[in-house]
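For the record, the sequence lines run as chains A and B.
Residues in the first sequence are numbered from 1 upward in steps of one, following my numbering.
Residues in the second sequence are numbered from 1001 upward in steps of one, following my numbering.
There could be a bad hint or two in this list.
[Unchecked claim] Quick list of simulated restraints, FRET-style, between CB atoms: (1) His292(A) / Gly1247(B): 43 to 53 Å; (2) Lys105(A) / Trp1193(B): 33 to 43 Å; (3) Thr1200(B) / Lys105(A): 19 to 29 Å.
[To be verified] Derived, one-sided and incomplete: chain B residues facing chain A with beta-carbon distance under 8 Å: (4) Glu1126; (5) Leu1127; (6) Gln1143; (7) Tyr1170; (8) Ala1175; (9) Asp1187; (10) Ser1198; (11) Pro1233.
[To be verified] Below, simulated BS3-like cross-link-like pairs (lysine-lysine); rule was C-alpha separation at most 30 Å, straight line: (12) Lys1149(B) / Lys29(A); (13) Lys242(A) / Lys1009(B); (14) Lys169(A) / Lys182(A).
No lab work stands behind these hints: they were computed from the structure.
None of the values given here were measured: they were computed from a predicted structure.
Ideal Cβ placement from N, Cα and C applies to all residues, glycine included.
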Amino acid sequence: MTRILLSDKLDNCVARWRKAGLTVIGPVKKETFSSYAAVEKAADVKKETFSSYAAVEKAADFNFEMVMPDRSIKELFFPQTEPMMGYTIKKQDIATEDFKPPAEKRVIFGARPCDASGLAIDDPLFGWDYKDNFWFQRRDETVIVTIACTKSDDFCMCTSLKLAPDSTKGSDVLLRPLQNGKGWQVEELTDRGREAFKEIADQLQDGSEPAAPTAVVAEKFDLDACISWLKNPENFDSTFWKEISMRCIGCGSCTFLCPTCHCFDFQDEGDTYSGIRRKNWDSCSFSLFTMHTSGHNPRSTQSARWRQRIMHKFNYFPGKFTANSCSGCGRCSRQCPVDMGITETLQEISTLKP
Amino acid sequence: MTTQEQYKKRVKELLSNGTVKMVIGYKAGTTADRRRPLFVRTPEEADKLVLDSACIANLSGYLVTEGLLSDEKRVGIFLRPDGIRSINILAAEAQLNADQIVILGFDIVGQEVTALSGEKATDFSELIGSIKEKAPEAPQNPQLEQLEKMTPKERFAFWQAEFSRCIKCYACRQACPMCYCRRCIVDSNQPQWVNTSSHTLGNFEWNIVRAFHLSGRCVGCGNCDRACPVNIPLRLINAKMAQEVLGAFDHFSGMSETQEPVLASFKKDDSETFIL
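Model the full assembly from the supplied sequences, consistent with the hints where possible.
See below:
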């Protein structure tokens, strides 16, 4: 016997959580305006939707059908632009004001295991020498209810990263879809999760309905072989980097959609006398990222920048924090304008001599 | 022989007789409907080439990669008519020497790929002229009409909602053959002309600045639109600017490698008094 949450009770749950003062967030898909009148050819079919984790008011607002939303969960904890402090300079004094993230208790219902894992991967980073309260306040105030995947696409690669379509990493509650499609098995993992589910305890029931099989995600590369190749200092200057990144156009789409990429930049907006200091997403794909004031750029080519991204994720980051900085969602390849990404790069590396 | 096989043969010839040092084309991608840019440097590599109705990306932007053409050797490239127009603009704006480009021209009609005859940009001027004639019936015009019917307030709200998704990844800029600046204005931070933040103002600043910079230069290839990871219908903005420039100045971008850039040239006898 397991605890079961039936889909038709979800509306009550959303209402109950909202009444208790929680913001309910989940995968939402919206139609967007297409720039094409008539489809001239199959290849010109424009994606006419946009999806993200967004606030919902009722169960019907969720979309659990898609493999995963276009945008990752990261922006709910680390927004693309965030005011950090304000300043005003007057004749005699300087006043500063510290901004805090809005106090808001939230439940994210329907996170994907790769997205939830991504948050757990970044926790040590944001808590290392300096504890980033913008991240941790949101982490502490958010309950993550993950739904195990029953389908995947050609870009999913969690299993290659030693994770799985039903990984519990980073989740407070894991739900497994029922075989009959009418609800989920409930597995409470943390106190935070148990607390949130107390609120809806009377909506749950005992049952023996089996869970649907999890998605089959084939292993795409040998991660250990890749890591040992990356760790060999001789490979830093391999011609491989130039070859693999030749078609990279240097946009930041892979880094901004990545659930674990976390680099940011400070920007002061305003003038000499008053303004706001903001923390904005930044990307190692951009040449400006490492540009020195002198004009010298230590990563002056796109291949050096792509190498940095791969080295950071699978060599430097695990060296410092034990886990790889990739949860295998595949968004980097799925959304890449030139069909590049981590999968192809690591597949190629697996074939090279260590 | 299919167009693909015909062109593979031609690429092998061009590489083996030393006419070109490289050919930029397409190969298979991760999924059946995806194609990847391919850089062919040996005749053997030409076997990887794919040419079918999924080869829609405009590859001309790769030609302005730093150092690629500086040895004055020739480079071959697969281009649809819009890509050929890009070559003309890049030549007119002194970004490349069109004599160095060997064009492997093709067009896609339905699911069929047809070869276009000619290998130099000038060989296609008649074709481009006929495309100009058909410009008023461009496929995106019904969408533009829909937007024109809105009141300015509604239209502002429409674009505000569309731009609210912008994450400033600059994929639109990087995918655009016309965005070749070594240092884009948004990357200039002394002073910071354009806010880097992805808030309403920052997103408007970026997208409007780009639209102005592309006026009279965009060929409507759709690279920006397809690259956008959050599906903002970017080509509509550029299509609108192209319509305006065509109407006001009879300027259709990319007609020839000597065409004067519309917003970077003037006539002494211009009827507008503010010109001179």
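query = Any hints this thing doesn't respect? Which numbers, in order?
reply = Hints 4, 5 are the ones this structure does not satisfy, whereas the remaining hints hold.
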